[in-house]
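Below are the chains, spelled out letter by letter.
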Amino acid sequence: MYRVHDRLIRLCAVVSILALCAAVPASAQSSGSRGTLTGTVLDPVGKPAGKVTVQAQSADGQTTQRATTETTGRYVIGGLPFGVYNVTVTVPGLKAFERKGVSVQAASTSLDIRLEEGSQLSTLGEDPLGIAADRARRAPPSGPTPRTADGKPDFSGVWWAPTVVDPGKPEWLPDAQQVAARRQANNRKDSPQVRCLPSAVLRRGPLVQFVQSKEVLIEITDDDSPGFHQIYLARSHPKEQDPLWYGDSVARWDGDTLVVDRNNFLDEVWLDQDAHPHSDKLHVIERYRRRDLGHMDVEITVDDPGVLARPWTFTRASELAPKEEIREFICNENNSDLPHLIDK
Amino acid sequence: MRNHWSTAAMVVALCVGAHAPAWAHHSFAAEFDVNKPVTLMGTVTKLAWTNPHAHIYMDVKDASGKAVPWDLELGSPNALIRRGWSGRTLKAGDVITVSGYLAKDGSHLANARSVTLSDGRTVFAGSSLDAGSAQ
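Chain order of the listed sequences is A and B. Number 287 in this note's numbering belongs to position 287 of the first sequence; there are no gaps in the numbering. Just so we're on the same page, this note's numbering is the position in the second sequence counted from 1, plus 1000.
These are calculated hints, taken from the structure and not from any lab test. One should not assume that every hint holds.
Straight-line C-alpha distance at most 27 Å; calculated DSS-like pairs for lysine-lysine [unchecked claim]:
#1 B:K1104 <-> B:K1061
#2 A:K95 <-> A:K189
#3 A:K281 <-> A:K189
#4 B:K1066 <-> A:K189
#5 A:K239 <-> B:K1061
#6 A:K281 <-> A:K169
#7 A:K189 <-> B:K1061
#8 B:K1046 <-> A:K152
#9 B:K1066 <-> B:K1036
#10 B:K1036 <-> B:K1104
#11 A:K344 <-> B:K1104
#12 B:K1036 <-> A:K95
#13 A:K47 <-> B:K1066
#14 B:K1061 <-> B:K1036
#15 A:K323 <-> A:K152
#16 A:K51 <-> A:K344
#17 B:K1066 <-> B:K1091
#18 B:K1036 <-> A:K47
#19 A:K344 <-> A:K281
#20 A:K281 <-> A:K239
#21 B:K1046 <-> B:K1104
#22 B:K1061 <-> A:K95
#23 A:K189 <-> A:K239
#24 B:K1091 <-> A:K344
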């Protein structure tokens, strides 16, 4: 009886020690002490950045803690095991902040953070507030996939700009890379969009609307010119046709998936937002699936042996924006930027 | 635990990346200089609610007291409307202070990052980077 009791006590002791070991992060086991990381986050013009998340992750990746700044910009991350941390702040629309090697070895460590503009700058309406406001408006409804009278999924509705789920791995040919690098170095000054011409083949949004009938799906976007193009559901590509800005788009049904086939693009249109070009061999296949009332998934395959070593497939997803309307976008109304654009 | 946080971090990264704006009508680096922040105080002569960008046209007094016309570029009306603003948010005669970045070509043009009325109320923007209510 005594030996059984003794073993039970030893077992409990071992279990307790193991539990303690599991509860205490590895980085704290060496010192057994903890500290606080605190400071102020300012936006690019020096104003306090409120409600921004500051993250501290230990160098070994074992400990991650976050805190949200107050309206004064002040943040406090308490209870950090002594160690070295990677501190990050990510605000959409601003340059991501990262400070590696922040040593927390005392009761309180101070780190003030000044956020910087990203490539977009914070022009009103396209600034972090605007981006966050758009995000807050996202509330996709739930429900089954709506269908047309003939039982096909109905993609009609206003959608938020698709977000990339899997970017894939495009293998650009050297010439295409050089063209893109040159265009980017020139601040994309020569992009068709600057002159109020259609945006890149693969660009969508910020809002996109689909209007679907049995014969045609019309796609409308809220900051493009002219802002719409047709996807024909009841015909194939013409044998001979002059090139088009949006290409010739036809579609067929593969079960509940709408397979859109696009070709015959005008030379002048750019392929993507990274300023890559395309060749006359460009062929884009988009497979649309409306998984439920509020969500749409798209798998896109870009096949262009003139700029890619092999076909590039990536996926995007969209959320329905039932409360949004697409307002007219007459780009040439006041396109006063052109004389001010500088390429270097 | 590591996997948990790695997954969480990846989700955060995806969410952040997913909502990052694609550059719109033109590259800002082609027109404005991030190294030349500016704050201007003046009187609104017109709020142009136009595409591809809305503009505030305002008179700013120079050192000699002479009114100099300035052009402050905003985002597109579509983007601004989603924040609850309209072409009536500002009117001629409003005295405002605008912070932004100067045009690279040296003209009296800047992008507008924040707009404050003479009574201290912030128009079009706030100091908090959260979603906040429209002002």
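Hint-by-hint comparison with the structure:
1. With a CA separation close to 21 Å, the supplied pair K1104 (chain B) and K1061 (chain B) stays within the 27 Å bound.
2. Annotation: proposed proximity of K95 (chain A) to K189 (chain A) holds, straight-line Cα distance about 22 Å (limit 27 Å).
3. Distance restraint check for K281 (chain A) and K189 (chain A): the Cα-Cα separation of roughly 25 Å lies within the 27 Å cut-off, and the hinted pair is therefore satisfied.
4. Between the alpha carbons of K1066 (chain B) and K189 (chain A) the distance comes to roughly 34 Å, so the proposed pair goes past 27 Å and is violated.
5. At roughly 64 Å between alpha-carbon atoms, K239 (chain A) and K1061 (chain B) are farther apart than 27 Å, so this suggested pair is violated.
6. Restraint check for K281 (chain A) and K169 (chain A): the C-alpha separation of about 19 Å stays at or below 27 Å, so the hint holds.
7. For the hint linking K189 (chain A) to K1061 (chain B), the alpha-carbon distance of about 32 Å lies beyond 27 Å, and the restraint is violated.
8. Of the pairs offered as hints, the one joining K1046 (chain B) and K152 (chain A) is violated, with about 50 Å between alpha carbons and a cut-off of 27 Å exceeded.
9. As the CA atoms of K1066 (chain B) and K1036 (chain B) are separated by approximately 23 Å, the hinted pair is consistent with the 27 Å bound.
10. This hinted pair checks out: K1036 (chain B) and K1104 (chain B) have alpha carbons roughly 9 Å apart, not beyond 27 Å.
11. Proximity of K344 (chain A) to K1104 (chain B) is assessed by CA-CA distance (about 10 Å); at most 27 Å being required, the pair is judged to hold.
12. Distance check on the hinted pair: K1036 (chain B) and K95 (chain A) sit about 17 Å apart at the alpha-carbon level, within 27 Å; holds.
13. With a C-alpha separation of about 30 Å, the suggested pair K47 (chain A) and K1066 (chain B) falls outside the 27 Å cut-off, and the hint is violated.
14. A distance of roughly 19 Å separates the Cα atoms of K1061 (chain B) and K1036 (chain B); the hinted pair therefore holds under the 27 Å criterion.
15. Of the supplied pair hints, the one linking K323 (chain A) and K152 (chain A) holds, its CA atoms being roughly 24 Å apart against a limit of 27 Å.
16. For the suggested pair K51 (chain A) and K344 (chain A), the alpha carbons sit about 36 Å apart, so the restraint of at most 27 Å is broken.
17. Of the pairs offered as hints, the one joining K1066 (chain B) and K1091 (chain B) holds, with about 21 Å between alpha carbons and a cut-off of 27 Å not exceeded.
18. Only pairs whose Cα atoms come within 27 Å are accepted, and K1036 (chain B) paired with K47 (chain A) is accepted, the gap being roughly 17 Å.
19. For the hint pairing K344 (chain A) with K281 (chain A), the CA-to-CA distance comes to about 31 Å; that exceeds 27 Å, so the pair is violated.
20. At roughly 15 Å between alpha-carbon atoms, K281 (chain A) and K239 (chain A) fall within 27 Å of each other, so this suggested pair holds.
21. For the suggested pair K1046 (chain B) and K1104 (chain B), the alpha carbons sit about 23 Å apart, so the restraint of at most 27 Å is met.
22. For the given pair, K1061 (chain B) sits about 34 Å from K95 (chain A) by alpha-carbon distance, which is inconsistent with the 27 Å threshold.
23. Proximity of K189 (chain A) to K239 (chain A) is assessed by CA-CA distance (about 35 Å); at most 27 Å being required, the pair is judged violated.
24. A hinted pair counts as satisfied when its Cα atoms are at most 27 Å apart, and K1091 (chain B) with K344 (chain A) does not qualify at roughly 36 Å.
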